[in-house]
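Student: Letter by letter, the chains look like this.
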Amino acid sequence: MEYAITTEGLTKVYRVRQTTDRKTETREIKAVLDLNLRICRGELFGLLGVNGAGKTTTIRMLATLLEPTSGTAVVNGFDVLKQPVDVRRSIGCLLPGERSHYWKLTARENLRFFGTLYGIPPRALENRIEQVLDIVGLSQRADERVENYSTGMRQRLALARAILHDPPVLILDEPTAGLDVHSARMLRRMVQELAATGKTVLLTTHNLQEAEEVCTRVAIIHGGRILAQDAPEALRALSTGLDVLEVTCERYALAVTGPGLKEEGKAKEPMTGRPAIDRRMTENEIPEEAAIESDRLQIEELVRRAVEARCSKCSVTVARQDDGYKVVVKGRKVADEFPSIAVTLTNGGWRVTGFNVSRPRLEDVFVELTGPTSE
Amino acid sequence: MHSRSVGTLSPLYQLRVLVAMTRKRLLQEWAYKADFLTWFVAPFLFVLPFIFQARFYSGPADTGRLFFARWAGTAEYVGFIAIGAAMYLWVTNILWEIGFSFRDEQVEGTLEELWLTPVPRGLLVLGNSIAHTVINSVTTFIILLLVRVFFGVSFKVNWTLFALVVVLSWSALYGLGFVYSGLVMLLKESQSLVSMGNELHMLLAGVTFPLSVLPVWIRGFSRLTPLAWVLTTLRAVILEGASWGDLGTEIAVLSTMAAVIPLVGYAGFLVFERLTRKRGTVGTY
Ligand SMILES: Nc1ncnc2c1ncn2[C@@H]1O[C@H](COP(=O)(O)OP(=O)(O)O)[C@@H](O)[C@H]1O
Ligand SMILES: [Mg+2]
Chain F
1 MEYAITTEGL TKVYRVRQTT DRKTETREIK AVLDLNLRIC RGELFGLLGV
51 NGAGKTTTIR MLATLLEPTS GTAVVNGFDV LKQPVDVRRS IGCLLPGERS
101 HYWKLTAREN LRFFGTLYGI PPRALENRIE QVLDIVGLSQ RADERVENYS
151 TGMRQRLALA RAILHDPPVL ILDEPTAGLD VHSARMLRRM VQELAATGKT
201 VLLTTHNLQE AEEVCTRVAI IHGGRILAQD APEALRALST GLDVLEVTCE
251 RYALAVTGPG LKEEGKAKEP MTGRPAIDRR MTENEIPEEA AIESDRLQIE
301 ELVRRAVEAR CSKCSVTVAR QDDGYKVVVK GRKVADEFPS IAVTLTNGGW
351 RVTGFNVSRP RLEDVFVELT GPTSE
Chain R
1001 MHSRSVGTLS PLYQLRVLVA MTRKRLLQEW AYKADFLTWF VAPFLFVLPF
1051 IFQARFYSGP ADTGRLFFAR WAGTAEYVGF IAIGAAMYLW VTNILWEIGF
1101 SFRDEQVEGT LEELWLTPVP RGLLVLGNSI AHTVINSVTT FIILLLVRVF
1151 FGVSFKVNWT LFALVVVLSW SALYGLGFVY SGLVMLLKES QSLVSMGNEL
1201 HMLLAGVTFP LSVLPVWIRG FSRLTPLAWV LTTLRAVILE GASWGDLGTE
1251 IAVLSTMAAV IPLVGYAGFL VFERLTRKRG TVGTY
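Those sequence lines, one after another, are chains F and R.
Going by our numbering, the first residue of the first sequence is number 1, and it counts up by one from there.
Going by our numbering, the first residue of the second sequence is number 1001, and it counts up by one from there.
Next up, chain R with everything else stripped away, as it sits in the complex (with noise of 0.2 Å):
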């Protein structure tokens, strides 16, 4: 049997290992089918009060168009902030969800059966958090589409440049993640952190508004904000079509946080996870 097991490194076991990983996740969620439902509906739920909001907000006969022109850049103030909210929920679900499939497994009791195999810490994080990122993504993109069906939102993409910043965007997130899930095997809770980290996202990230009516200080922090960045980004690809050459900057910035922060987060996921195995709590919760 030992002869025959494929190594830990090999990319084919490591392409298996994530198969199964993401299978187990989808039977799982299958089985409780009014989550699976949530999955699909709740999105879209979520983002239809910040489009009535913003209506409201934009005065009569759209007067408070221009102003908000010359705030965001941009008069699609109904797509702004659909592109907002669909990217919040996208953002904060990658980020969270790998850290809460952990959580999950600490209190069904399996995380340490999970430890015991012979695959590596980070496959783990990955392969657990894979079934969600794709319903997720899945999801976001359903709600983009449905707002320019709905609300007449008119999106001038240019898809390789889309992306582009999509998959810098998950590596970033991805890192963060991995941090988040060392953090959460740790200290045994994710609730407090989850709110902080939206509540802060909300703000920094310029979610529901342009990040040009922050104070400038909080501004400062929000360029520190890989989720600000792909805000920005996203949008003026979605909404305005801006080409390669208008995001020079926010691609070399998104590219960085997608180079250096999955290493960092990687490093901060061992450190949390080894102090965990020291005081002998991988299982507890």
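Next comes chain F alone, as it looks inside the complex (with noise of 0.2 Å):
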């Protein structure tokens, strides 16, 4: 049993019946269609999708508390619909909502409660909820009305809760939603540890950054359909998008200035026979065109000398900046040609003095595989 979960074909249609104009008419509402998971123990996977998109229904179904309308789905080895009493049992589930605790209350109570009904024994139950409690950071208020805490307490006693039972699988509806930054953040690192434990979690999250920072694994899902799934950085691969690579660049002579270097300068003439500008004539005026220009051809020359075994279609673009050159490089995979366009430039007579890059981020992806919201 090497999966936590995996969906076969699984498929939610929605019947809302809708009156217009007197007719009442009933409208299917596809909302996950022919969903196919296989998510392996241990992972931190990620569904990521738009609101809408079926993340939800793909969780509720998961938890036995939405009947598919086809398909099946098997959680911790146990059938969502032949077996739900264990798949309850295997899962700890965070849903969406900050109501889901008895309000009048206090935390220890309401974990007493639902610890009881997962079939924890009393006196287990007690040294769990204390666990639980400090794993969430709320052995402090534990004994307060869950109606004085704030959204963020409320969704660590939600997940304090979920994993109440220590179940293997743990299912987490947008965690983070309506949370603030650090709140968000202290939640987002809990997962992290629960998941360094050796549980399963499967979480949902409009935010890509989320996914990107915590999952080993994301699906993107867009009307009901799964666009794609890997890890976050072969998600990245798989765009179309143009690497942005900047180095700037100076002549090594330039570095050092004042009488009694003039020897300097001759020893690092570049190889490519072009003659360098003479600095000391020049360092208190600004250079000629046509030695700006000259620059700028030979360093486009070495860069696209360092990059064409691997990348023809790149542009290279250079300009000045400061008192040396900006140079630009756009194009797919190029970030990995950073070094040998560092070694090409400094055996040409250009020291790199700084650079910058910029891949394609999972947002980018995403855009492309989902399209321009389409409500």
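Among the hints, a few may not be true.
Claimed, not checked - No more than 30 Å apart at the CA atoms, straight line, and that leaves these computed lysine-lysine pairs for DSSO-like:
#	chain 1	residue 1	chain 2	residue 2
1	F	104	R	1156
2	R	1188	F	82
3	F	30	R	1188
4	R	1188	F	23
As the list claims (entries may be wrong) - Some chain F residues close to chain R (C-beta under 7 Å, calculated; not the full set):
#	residue
5	67
6	70
7	85
8	95
9	97
10	100
Unchecked claim - Covered, in the sense of this in silico footprint (three residues per stretch, anywhere, with C-beta under 8 Å from a C-beta of chain F), are these stretches of chain R:
#	segment
11	1090 to 1103
12	1271 to 1280
Don't read these hints as lab results, they were simulated from the structure.
Glycine is no exception: its CB is placed at the ideal position from the N, C-alpha and C atoms.
Assembling the complex is the task here: the two chains are given apart, and the hints tell you how they should meet.
Tutor: Now the structure itself:
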């Protein structure tokens, strides 16, 4: 049993009755279509999608709260339709909405209640409650009524309840939605720590950064279908977007100025044969246009030579910046060529003073796959 | 942890669940102290007007008693009315409390959390209503005692018979409660269902009048209403000191209802519960 969760053609079509102009008709909403998921044990799997993509519907079917229209789902080796009780025992769920506690009861009373319903014997339960309160950092406030809690605390209490019976699988529906930055980070860290203890975590999110940062694998869901599923890095590689590599450089001779260093410039005379501008003569004036143009051409040629082996179609632009030049290289995977560019420039007599790499983000891939919002 | 968990069908586990749910309900009830008070005061206030109204109808120097006795079989009209009203409260509260308790959870947002637990669904229904059933039964009993003290109604009760009738009634009423809770979960609405049910009961069960005054065709429907049987039987037990022999038919009918209604009711509940899960609206309100 290597998978914690699998689904086979899982589909949910809601039938909603609509009354328009005295006519009542049944409209079908295809919320989840032919979903095939394979989530391994110990994975921190993210289901990423915009509002209405079908995330909650999927979660509810896995949690036995919603009956699928067709298809099957197996959680922790149990079929959600045929063995719902075993499924319920195997999962800890965090559903959206902060009203999922008894507000007039304290955190501890809430946990005690649910712990009993999950079949934890009384003595073990008290210890376990202490443990989970400690894990989510609520030990100090455990005997306060939930109505006095902040949103973040309620969410942490929900997580505490989800892990109370120590289930092997955690299903978290938008656990950080509506939380402030700090609470969200705290919760993310807790989830990662839980995953590190060997639990399988399935979490949904519409937050790309969260998916990228937290999950070991991400499935992009849109319109009820999975468009892609892989590790975040691998997903990024799907992008047709281009890397942008910026390199700033200046001539070695310029690095040290002043008299007595006349020979320095000569020693670093470039190998390209093009004579360098004599800085000593132009030190306090704007260098001639021609000299700059010649430098730019030289740098461009060097860079092209460095990347041509693997990126023939990239664009290279060189512009004057401060006392040196700024090179911008755009192309697929061109970021990987930075070392060879740096070496070539150095050998050519240019000192690399800085660089910046930007690759396509998961967001770019997401937008490419899902297209503009169709609502 | 899993190996230490108790199976969901072990009696010990089920007992613990029922206790936990009852405890939770009481804690909640206690948090709203005004409500708690209501539970004990309101029922008595509910019964009083019926009693005074009956006095008013009883005519000069209680001459109405004789006519009353001709219809009702007993001249003890205060007791008759008081028992009717108290039992009406008892029955309707049990019945609607079961449905309402899920409605509360639905509105609060905790129903899905309950549904996520491995507890058998029927046990959830039962557990959520025990606290109120107990409170409600205690207050009903207190009302009867108060009526006895303040209005001098004499009770000649065979307690074993009384206990049996109460238990049979409970069983039948819980059966109806199950259907009702499923229906409320599906339709997300209980107020109109409650009013409808209450009015019907008021009429069919003969809460404030003997069934013999009803037109024959309505009386036919009364025979199908558990509350009507509960009321006639309890009145006979409490006011007339009826014995086992006097109530053969009544006990037989109540026993049948106590056996059949819970089964049908539970099946109905499961149907509604499944429909709710198909619609995906367990947690919506
Ligand atoms: N109980 C329901 N009845 C009818 N339609 C629903 C129901 N729940 C969700 N939907 C619809 O199904 C689609 C997917 O919703 P959902 O699974 O909640 O998406 P997400 O969680 O990704 O935002 C949406 O179009 C939503 O309006
Ligand atoms: Mg959602």
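Student: State for each hint whether it applies.
Tutor: Structure-based check of each hint:
For a cut-off of 30 Å, the pair hint linking residue 104(F) to residue 1156(R) is broken: about 44 Å separates their Cα positions. Between the alpha carbons of residue 1188(R) and residue 82(F) the distance comes to roughly 27 Å, so the proposed pair stays at or under 30 Å and holds. Pair hint residue 30(F) plus residue 1188(R) holds up; C-alpha atoms about 24 Å apart against a cutoff of 30 Å. Distance check on the hinted pair: residue 1188(R) and residue 23(F) sit about 23 Å apart at the alpha-carbon level, within 30 Å; holds.
Given hint, residue 67(F) at the interface with chain R, holds; its Cβ is 5 Å from that chain's nearest Cβ, closer than 7 Å. With its C-beta approaching chain R no nearer than about 12 Å, residue 70(F) sits outside the 7 Å limit, and its interface hint is violated. Interface hint at residue 85(F): satisfied, since its Cβ lies 5 Å from the closest Cβ of chain R, which is below the 7 Å cut-off. The criterion of a C-beta within 7 Å of any C-beta in chain R is met by residue 95(F), whose closest approach is roughly 6 Å, and the hint holds.
Of the supplied interface hints, the one on residue 97(F) holds, with its beta-carbon coming within about 6 Å of a beta-carbon of chain R, less than 7 Å. Because the beta carbon of residue 100(F) sits about 5 Å from the nearest beta carbon in chain R, less than 7 Å, this interface hint is met. Given a C-beta distance limit of less than 8 Å, the hint that chain F covers the segment 1090 to 1103 of chain R is violated, as 0 residues qualify and 3 are needed. Beta-carbon proximity to chain F at under 8 Å applies to 5 residues in the segment 1271 to 1280 of chain R; the threshold of 3 is reached and the given coverage holds.
Consistency note: the structure conflicts with the earlier hints numbered 1, 6, 11.
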